[in-house]
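With my numbering, letter number 263 in the sequence shown gets 961, and the count goes up by one each step, no holes.
Think of the hints as simulated: they come from the structure by calculation, not from any bench.
It is possible that some hints are incorrect.
Claimed, not checked - Result set (EDC-like, lysine to aspartate or glutamate): computed pairs, CA atoms no more than 20 angstroms apart in a straight line:
| id | residue 1 | residue 2 |
| --- | --- | --- |
| 1 | 930 | 956 |
| 2 | 736 | 775 |
| 3 | 920 | 951 |
| 4 | 920 | 959 |
| 5 | 920 | 975 |
| 6 | 955 | 913 |
| 7 | 920 | 996 |
What the hints assert, rightly or not - The following label-pair restraints were derived from C-beta to C-beta distances:
| id | residue 1 | residue 2 | range |
| --- | --- | --- | --- |
| 8 | 820 | 969 | 52 to 62 angstroms |
| 9 | 929 | 988 | 31 to 41 angstroms |
| 10 | 743 | 818 | 18 to 28 angstroms |
| 11 | 870 | 823 | 55 to 65 angstroms |
| 12 | 845 | 870 | 37 to 47 angstroms |
| 13 | 839 | 922 | 42 to 52 angstroms |
Think of the CB as a built atom: it goes at the ideal place given N, C-alpha and C, for glycine as much as any other residue.
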Amino acid sequence: MEAALVVPVGESTSTPPKPDSLSVLPEREQKRPTAVVKKPPSRRLRPGDLVCGDCGEGNADTRKFCSRCGAALLTAEVVRTPWWRKILPKRKVKVRKALERTAKDRRAKTTAAGSAFRAVFKTVRALVAVVLVLGGVAYGSLPAVRTWVNNQVASWQQDAQSALELTYSPVHPTKVTATFEEPTHPADLVADSVSNTFWAAPTTKGEVTLVFTFDRPVNVDKAIIQNGDNDKFDQTFRAERLHLVYSTGKTEDLQLKDQPDPQELTLQNGHNVTSIELHVTATYQSLHGTDLAISEIELFQRS
């Protein structure tokens, strides 16, 4: 009886059951967190906005979490006010009074008038277009119409040109003298309004000067000078440069061309003068003589 109750050491009385592989349920797959990518803010940042550190979105300073990614805004960067904006005066908020009309109200009131004006403008524009088309057809096909239009345009151009052009009246000196002159060609011949006479003076005696004298203060704005002897241009010296000295103390220089045709020159300082000295400071020389000749000097004032 006792021998039957003894179990040998090392021998197992029973084998533990193997777990059934079909009885173990698989674990549910966990979703991986989506990585947040920084992007430019979806609206223009303003001073005081909170910039999310995860996605870069700008949020109002009253928000606690980002409006785009939902991250906490405890460590968000605050948009600062630019230094130059701090210098500018703050714009006051306009408070409208009772019954005060806004721009929107004024626009609504003027809508009817604007619509009427636009309708009239469209009608006038259409009529002008029709007139232009018919006028073009008539101008191209009817010679009489074409001639009339050309004459009218030429007349308008002439009137416009006359209005723009300045008119001048002559200024005659009461006396003309010179430092030197030839007996047969005295100084007053330079202002006799005749081009076939001339003033002549020897250039070997010194600087040659003409003096124009007026009986009252005058304005001299333009000069027409005919250089040399009109009949024998290359037989005498011609004036190359004139130095003008006015009775007012002002001066100016005139550069002349070596040509027999009249030369028109503008004067800048000849206002309210009673006399003008014309100093011949340079000459065009001749191989046939030593006398200087100027056929005509005519003076004009702006009228």
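Comparing the hints with the structure gives:
In summary, the hint linking residue 930 to residue 956 is supported, as the alpha carbons are separated by about 13 angstroms, within the 20 angstroms threshold. Only pairs whose Cα atoms come within 20 angstroms are accepted, and residue 736 paired with residue 775 is accepted, the gap being roughly 14 angstroms. Straight-line distance between C-alpha atoms of residue 920 and residue 951 comes to about 13 angstroms, which keeps the hinted pair within the 20 angstroms bound. Simply put, residue 920 and residue 959 have alpha-carbon atoms about 16 angstroms apart, close enough for the 20 angstroms limit, and the pair holds.
Straight-line distance between C-alpha atoms of residue 920 and residue 975 comes to about 15 angstroms, which keeps the hinted pair within the 20 angstroms bound. With a C-alpha separation of about 31 angstroms, the suggested pairing of residue 955 with residue 913 is violated against the 20 angstroms cut-off. As the CA atoms of residue 920 and residue 996 are separated by approximately 8 angstroms, the hinted pair is consistent with the 20 angstroms bound. One distance hint, 52 to 62 angstroms for the beta-carbon pair residue 820 and residue 969, holds here, with the actual separation near 56 angstroms.
In this structure the hint that residue 929 and residue 988 lie 31 to 41 angstroms apart at CB is violated, the actual value being about 18 angstroms. The hinted range of 18 to 28 angstroms is not satisfied by residue 743 and residue 818, whose Cβ atoms lie roughly 49 angstroms apart. The hint said 55 to 65 angstroms for the Cβ distance between residue 870 and residue 823, and at roughly 59 angstroms that hint holds. Hint check: residue 845 to residue 870, Cβ distance near 45 angstroms, so the stated range 37 to 47 angstroms holds.
A hinted range of 42 to 52 angstroms holds for the C-beta pair residue 839 and residue 922, which are about 49 angstroms apart.
Violated hints, in rising order: 6, 9, 10; the structure is consistent with all others.
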